[in-house]
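**Student:** Please arrange chain Y on chain W, whose structure you already have, making use of the hints.
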Amino acid sequence: MSRLLMKGNEAVVHGALTGGATHFFGYPITPASEIAHAAARYFTASGRTFLQAESEIAAINMIYGASSAGARSMTATSGPGLSLMAEGLSYLAGAELPAVVVDVQRAGPGLGNIWPEQSDYNATVKGGGHGNYSNIVFAPNSAQEMCDMTRKAFALADAYRMTVIILSDAYIGQMMEPVNIPETVTFSKRKDWAVYGDAESRENLIVSILMSTLQQSNHNEHLQEKYRRLEETCIEYEEFGIKDADIVLVSFGICSRLCHTVAMTLRKEGYRIGFFRPKTLFPFPKKAINRLAEMKKPLAVVELNTGMMADDVELSIKGQSEILRYNWLGGQMPTVKELAIKVTDDLGKLRKAGFGGKS
Amino acid sequence: MIKHKKPTAFYETFERKGHNDTSTHYCPGCGHGTVHKFIAEAIDDLGVKDQVVFLSPVGCSVFAYYYFDAGNIQCSHGRAPAVATGVRRVHKDAVIISYQGDGDLAGIGTSEIIHAANRGENITVFFVNNAIYGMTGGQMAPTTLNGQKTLTTPLGRDPGRDGLPIGMAEIMNAITAPVYIERVSLSSTKGVLKTRKAVRKGLKNQIDGRGFSFIEILSPCPVNWKMDPVEAREWIAGNLEPVFPITCFRDACSQDQKDSQIAVEHSVESDQIPFMDDKELVSLLKVDALIPNLEILNLEEDQLVKIAGFGGQGVLSGGVLLAKCGIAEGIHATWLPSYGPEMRGGRAYASVILANDEIGSPVVDEPNVLIAMNGPSLDAFEDDVVPGGFILVNSSIATRKVKRDDVSVLYIPASDIAKKEGLTAAANVVLLTIYLKHKGIMSTETLRKIIPVSVTRKKFINTNLRIMDKALEYYDNNVRI
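Line order of the protein sequences matches chains W and Y.
Under this note's numbering, think of the first position of the first sequence as 1, with each following residue one higher.
Under this note's numbering, think of the first position of the second sequence as 1001, with each following residue one higher.
Excised from the complex, chain Y in its bound form:
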């Protein structure tokens, strides 16, 4: 039964409009009024007025908030589906209406509509297609017909130049997640009644938590089409409908379309982890926290360390171990990696600074310690080491000798030592152990405490600790004087 009473989902008078507050801003014969009315009626009948969040787009319906007695958010051009996503992730029970025109949805906002549909957002999209930009005064829309004259196609749309009119319902139908896709038309009384039904179904689906519904409505724009309202409706039937077929593309919620069950399954919400309270949250964040020693270490000299080698040699993680040792000793530490595409070529290095006082620049341009895990990194950084500095070379891989005679050098076959214990990747632990031991920076016991909390693959903790022992053994037998 068609009701003639004004739905309560409309304001009684349109105060936000500021003037003529009993009539709308829409032009005579425009389709927006009809669609607005069906939405308002459906909101009333479904009893969800308080839950509605209505998103007004940019375009003629930018002022939808003048009329709908609902929570209203006016969005930027084309972005309503992204805004709807944001609202949905906050309010599970809101009834979110994304009301968009053809410039908005089929032009500037194609990305947002496609991805919101693909995520199966539980929202309802009303796409009012009138084949022209209305608010800006009648320019070509992506849905403008071939040959159709607009302000920006004064000689008619030329498909060679402008492409063909775009079918958004068809595009939606290529996506698995939407549960309901239908194109309707306001060209005839029958079409109007079908539109009313489609609007309801779209909203009902959302209220039932079914998922993404998309209703495209072919709608008249007599003023920009330069026709009277009756001609405009005839033009829809004669010209728009042949290009944009009136079809229900998908109705996964109906009994007779069981083949679309996949869409419904897709939109079932993923399991949400319960919202942690503050106490749980803080303990989650502090899970890897380090408790520094009570006695704070005093370094004889700030350690400006460069660790360099191939990617995968444990260069960056070795740096992290060292910095964590610093923290555990209560001193200041920074770690700065090589990163991003630079890493793709296989070169990796990290700058680590350990200092008694607050650290300024974290960049180590002139290291007093260079840990060279391969030959190229020795080549790259040998000259940067300050006179009197220390170079620790992984002699398993870097075969040449250090050329400088103003620095102290140790050659340690770190990869071989680590490999013997079955974990070549722990060459970094060998070198760190020997660096700490040889330079007397801090007790190697600190590193022994850090490894278990720092090594990500827990099954390798014991191997790493054993490799530390082997490194100390090597040092005692081969280096210590």
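With the rest of the complex left out, here is chain W:
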């Protein structure tokens, strides 16, 4: 099989084009800019559309237009740009328009810095803009997944008529890894709700204003029902070493790469470490995590934020097991050694407290 060495950011564009994307609207921002660079190259060379917008606000609204017009469209940004897109994301949700948005997270708040954080968790998983809505959120941890998840995102966005966010981070975006380019997807291009500027679609209306409180309420119920359906169909996660684990490391994105190494290294030294990684952050794998808690596995949630996913873990397990929160901020990331020491130290404490030691 032929493989390409490329940045996670570039892999996004390969996934997008094989996933049927035809329009990219974006505004440059470190550490996401390579997505725009690659899109400018490949979208243009393949006769698709790349347009550099005047701002992230314009970019998300160009998507609103292109998506209303039936196209598969996307953008890519980082935290400060995501903040500007919050309004557009809410409108997309209200009008039930499909869209794909990649967020290559950097450290915040404010201008922050360009090193990896995972602090846009709440801003993406909990919606980000105003109103009752959610986005599907994927958390890739490799260049291959940047490609594959983006490719898949377009099908899901169309199927559920909602925004799919690829929640990446500075390291996953900047890192180069080998990527297998997937085949192109086939899909029905005509959408019966979109506005094509032709007779057949003349009756179609894209709107997010519903003046009747009853209509607005029903619309919200409809959205919530859609989100519940996602929990049955599109949750993805990865786990290993659970059965005998004395502690399970729970992480996503770049932290899951680190936790993978730590779990494997410590296992070689005789520690019984489990590994759990949500690949979808919304819908969140509540049941799978709750199962870990029912097995009384202590869960160490490793994140580059203040514990945003740990909050969701806590809600999922309803107090049935211990949660340890390992958090790094500001773009700092622990070394494998530092994290391993933290885990083994805490394992000792947990044992004293009566956890672990049984398989």
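No lab work stands behind these hints, which were simulated from the structure alone.
Beta carbons are placed, not taken as given, at the ideal position from N, Cα and C, and that holds for glycine.
Worth double-checking, as some hints may not be accurate.
[Claimed, not checked] Using C-beta positions, here's what the derived DEER-type ranges look like: (1) W:R229 <-> Y:I1291: 40 to 50 Å; (2) W:R229 <-> Y:E1358: 27 to 37 Å; (3) Y:G1346 <-> W:E269: 35 to 45 Å; (4) W:H219 <-> Y:G1137: 33 to 43 Å; (5) Y:D1357 <-> W:D345: 19 to 29 Å; (6) W:G47 <-> Y:G1047: 27 to 37 Å; (7) Y:K1403 <-> W:Q52: 46 to 56 Å; (8) W:R325 <-> Y:D1158: 51 to 61 Å; (9) Y:I1291 <-> W:G47: 26 to 36 Å; (10) Y:I1296 <-> W:D244: 26 to 36 Å.
**Tutor:** Leaving out everything else, chain Y in the frame of chain W:
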């Protein structure tokens, strides 16, 4: 001739409104109805009803979709020109109408309107200026007149505090791309007829593929102005028109304004590359693909490599070469650069991992190989190398010796070797060649195969390959025991 029949571009009854479905939601004496009617008539007369995509803004005309029998998209406040851009890039033949009020276009949406105009988007913008926020109940607009009382300027607009009323048509006229910019007024019968003509022209331009048309319409808002409809029209003539002059600023499509030809030329669409089919697309994406060796390499030890030096020394590209060698050998590889503003100061480093198994963290905190291309990078990373590790020093630039005695070290005058062949920038190739050779990681032939597919400036491929030979020659003569 003025028609009195309801245009077919309007729905017969306004079902979307939900109640009173034969009348509009607009207040008595409001100008929106007049403008709506002219647009609907023009759509009928130009025969483009099926192609119309009508963008409703936030403001009183948010419900324009109640009335227009057309494809309708309701947008967020001020963003209609960006939404229009999105639609335009998908449907070349759609007739796109961006209908905006003064809060929308002249306030919150100034960025979107200016840039859509500057791109010369082939759309028609109707800017209804009534000098007040109508839907929200009568607050100051960017176009509110000095001294005008509104809910947020109860003592009148104070230019010292609020600035002067903004002339959007004048701003549009400072941009090259628009083909048609005109300000009209609904203050009189004559103005109304002129408005009708302007609306048509704006739409016709778009249908003819001319480019961006902008029609500003001074329009009455009797309710928020607290006047009766007749007073309101008089107030436009007496107060708004002196501040917002009724003028055709530009009509590049008319015969008598040849000087604006530049605008028309600007809006000619750029050449679009034909839409590739799936097969062509995949071959475009796979153009640089590497075919790994059939026999997969087995490393004795995972290689955790840090390459560091000045920006421009080929630090990052050297790392890429190494990672590509790994892929070609069928093993796992990651490459992580220093990036962004960090690079501006001239420091560059890359972490490369080559491993038999899947790689977890791509960060190399404790390298077992350090390739130090200059002195500062030796200073920065020497202590991080694991005991028993390997440090390869570019002794052409890094003049000091390694202090550690628990690592193995090679000093190679890499920049000098490369410089002799006329390409100092290929010092990275010298060091990679010697690293692969000395540590026996893989055959240097793999690197020889990778260089031609990896070096971006093709004229340097042969020089790079020659430099590889020189590096091996140096190694055989000076290092090999």
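**Student:** Indicate, hint by hint, whether the structure satisfies it.
**Tutor:** The hints, checked one at a time:
no.: 1; hint: W:R229 <-> Y:I1291: 40 to 50 Å; in the structure: holds, 43 Å
no.: 2; hint: W:R229 <-> Y:E1358: 27 to 37 Å; in the structure: holds, 33 Å
no.: 3; hint: Y:G1346 <-> W:E269: 35 to 45 Å; in the structure: holds, 41 Å
no.: 4; hint: W:H219 <-> Y:G1137: 33 to 43 Å; in the structure: violated, 25 Å
no.: 5; hint: Y:D1357 <-> W:D345: 19 to 29 Å; in the structure: holds, 27 Å
no.: 6; hint: W:G47 <-> Y:G1047: 27 to 37 Å; in the structure: holds, 30 Å
no.: 7; hint: Y:K1403 <-> W:Q52: 46 to 56 Å; in the structure: holds, 49 Å
no.: 8; hint: W:R325 <-> Y:D1158: 51 to 61 Å; in the structure: holds, 53 Å
no.: 9; hint: Y:I1291 <-> W:G47: 26 to 36 Å; in the structure: holds, 28 Å
no.: 10; hint: Y:I1296 <-> W:D244: 26 to 36 Å; in the structure: holds, 31 Å
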